[in-house]
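K.L.:
Generate coordinates for the entire structure from the input sequences, incorporating the hints supplied.
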Amino acid sequence: MSSPLPPASPDGALRYRVDRTGTTIAVIPATCKGGRHLVVPGVSRAIATESEVRVDCPACAAMPGVDASWRLTSSRPSPDRAELDDEPYGDLILHRVRAAANAR
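The opening residue of the sequence shown carries number 1176 in my numbering; numbering runs sequentially from there.
In case anyone wonders, no lab produced these hints; they're calculated from the structure.
Hints may contain errors.
Listed next, with one range per pair, are the computed distances between beta-carbon atoms [as the list claims (entries may be wrong)]:
(1) Ser-1184 / Gly-1265: 12 to 22 angstroms
(2) Asp-1194 / Thr-1248: 14 to 24 angstroms
(3) Ala-1237 / Gly-1197: 36 to 46 angstroms
Cβ coordinates follow ideal geometry from the N, Cα and C atoms, glycine included.
P.N.:
Dropping the structure here:
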């Protein structure tokens, strides 16, 4: 009997922005971790816990062996709003692209 796999390491920190009224908004990636699909409200799923937000891509989850979830750490209370934007995650996306290129 094999032992269960350990949980994946977090991908990085959840990003935030403050709008002009002073409201803090969580910013989650607009593209799935694999870079193949858009994160679509009502289709993709974002789950917030006390210390982490996980953004799941159902299309990637259907493919065997694909890491289908962004795991973003958070040390702040969950804001009331969230929006999709890849720009604040440019460093994480670039890291994934380079890692994929080196794996070939």
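K.L.:
May I ask you to test the hint 12 to 22 angstroms on the CB atoms belonging to Ser-1184 and Gly-1265?
P.N.:
Hint holds: Cβ distance 20 angstroms, inside 12 to 22 angstroms.
K.L.:
With respect to the beta-carbon atoms only, verify the hint that Ala-1237 and Gly-1197 lie 36 to 46 angstroms apart.
P.N.:
holds (41 angstroms)
K.L.:
Given the range 14 to 24 angstroms, decide if the beta-carbon distance of Asp-1194 to Thr-1248 lies inside it.
P.N.:
holds (23 angstroms)
Consistency note: the structure conflicts with none of the earlier hints.
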